[in-house]
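Residue numbers (the numbering used here), protein chains in the order written: chain A, 11 to 220; chain B, 99 to 338.
Keep in mind that the hints were calculated from the coordinates and are not lab data.
We put the beta carbon where it would ideally sit given N, CA and C, even for glycine.
Just to be clear, a hint being listed does not mean it is correct.
Claimed, not checked - Covered by chain B, per the in silico footprint, the following chain A stretches (three or more residues, Cβ under 8 Å):
1. 25-35
2. 54-68
3. 88-100
4. 130-136
The primary structure of each chain is shown beneath.
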Amino acid sequence: MNGIHDIGGMHGFGHIMVEENEPVYHAEWEKGVQSMMAVMLSSGHFAVDQLRRNIERQDAVTYLSNSYYENWLHSLQQMVLNAGFVTADELANGHIDPASSAGNTGRATQWRPVPDLPAGPPAYGVNDRVRAKVRHPVEHTREPRYVRGRVGVVTHYYGGEPLPELAGEGVRQDVHLYRVRFEATELWGPDAHPNDALYIDLCENYLEPA
Amino acid sequence: MRGTLRLVTEGVSDHDHRSDGGHDHGSNGDHDHRHDGDHADLPQPIALRVKAIQSLLIDKGIVEQATLDRIVDTYEHRVGPHLGATVVARAWVDEAFRRRLLTDGTQAVAELGIGGFRQGARLVALENTPAVHNVVVCTLCSCYPSWLLGLPPIWYKSAPYRSRTVFEPRAVLAEFGTDVGDDVEVRVWDSNSEVRYLVVPQRPANTDGWTVDRLASLVDRNAMIGVGRALPAGAAAEAG
Chain A
11 MNGIHDIGGM HGFGHIMVEE NEPVYHAEWE KGVQSMMAVM LSSGHFAVDQ
61 LRRNIERQDA VTYLSNSYYE NWLHSLQQMV LNAGFVTADE LANGHIDPAS
111 SAGNTGRATQ WRPVPDLPAG PPAYGVNDRV RAKVRHPVEH TREPRYVRGR
161 VGVVTHYYGG EPLPELAGEG VRQDVHLYRV RFEATELWGP DAHPNDALYI
211 DLCENYLEPA
Chain B
99 MRGTLRLVTE GVSDHDHRSD GGHDHGSNGD HDHRHDGDHA DLPQPIALRV
149 KAIQSLLIDK GIVEQATLDR IVDTYEHRVG PHLGATVVAR AWVDEAFRRR
199 LLTDGTQAVA ELGIGGFRQG ARLVALENTP AVHNVVVCTL CSCYPSWLLG
249 LPPIWYKSAP YRSRTVFEPR AVLAEFGTDV GDDVEVRVWD SNSEVRYLVV
299 PQRPANTDGW TVDRLASLVD RNAMIGVGRA LPAGAAAEAG
């Protein structure tokens with residue numbers, strides 16, 4: 011989706027603020043959020059794209075107002091609710107509802123640990139010129155706006171990777187993944203530095219021949 | 099979608115929530131306004147919301163407290179830039195390892211006993227040379243090789259870094275004190291897939307014959323993200 015998270019190339023966010031001697035966590039609750047999310051992802055119940063999808067679906071002002079782990083907390087709540095691990099009532103009351111059957115993991119996907127081989131051979135090879143498709147999917151995607159419609163060159167073929175559009179909804183379908191190089195002038199116009207380039211990994215679904 | 103998870107609370111003000119949760123914004127972290135939830139209800143302080151989820155998931159047997167504690171301990175005490183620094187220093191002194199690292203980063207770091215928490219993630223090492231400078235960003239979120247470098251710093255996850263690095267990498271590098279000549283190619287890597295990137299900075303001059311440990315003391319996090327370079331040889335004295 012064309013969400014507020016897709017900020018590559020935007021102006022107006024100001025200078026980069028570096029915190030000296032930054033701690034790993036800034037509050038005790040961040041430890042809980044980060045470690046619970048790590049378990050959810052490493053247990054194979056959820057795709058990382060589901061973490062992202064829930065964050066992106068917040069409204070834009072909330073996304074920008076929240077701290078990083080506040081966005082994670084929102085996503086974690088959505089994940090455990092949608093998977094049926096807990097009910098909304100249980101979250102509201104803070105303790106288990108004995109009458110509830112929530113907690114069985116039947117509704118959560120079991121993600122295989124490594125990518126499958128996609129169906130069919132890859133459509134592109136190294137040195138092929140490709141265009142990132144102009145598309146505006148309403149679902150989660152990993153094709154940022156700033157590459158759409160731009161022409162680049164395939165520099166590497168990785169193999170399979172779950173398609174983010176489906177993974178965001180908990181559905182696994184592996185597709186071919188490529189590394190594509192775009193010249194900065196192709197992305198940003200003639201004012202870009204002639205000696206800058208952008209590398210990004212794009213699913214075959216995001217590409218067309220150029 | 100929002101507002102469905104409000105919890106009833108007593109005796110804790112919304113202000114506590116803000117001061118607890120706003121650290122990602124830099125200086126004071128205050129939120130002047132919030133937009134989640136129904137304003138007619140008293141928002142749940144974030145620490146209590148987290149505790150409620152945690153208790154439920156533990157009581158239902160979905161997560162174990164010991165596992166959560168181990169993950170926190172891992173990020174606080176075990177993984178961090180020192181791991182990546184060892185990989186870089188090893189590549190500087192061991193040509194065969196360097197080639198393996200650049201060919202298959204995942205496999206090469208596994209040789210050193212460094213493995214990912216999440217299977218299926220790939221590591222790609224990017225070597226800086228006199229002609230090429232690499233820098234890594236994640237414009238869409240905050241993708242980072244956390245099992246190799248630890249959790250990312252706030253600036254890496256911040257909107258200014260994510261928005262600007264793809265558009266004006268040289269200006270961003272300059273803000274970090276890293277000036278790159280016009281004759282050097284700057285390669286920006288937008289970490290948008292499950293591939294993770296490690297920048298291998300150039301080895302500093304006057305470090306011939308150094309041990310891996312001593313060389314690793316010259317490699318900091320910024321150098322491995324690519325916003326900085328390895329420290330000069332003279333910096334090793336205090337670093338050990």
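Numbers of unmet hints, in rising order
Checked against the structure, the only hint that fails is number 4, while the rest are satisfied.
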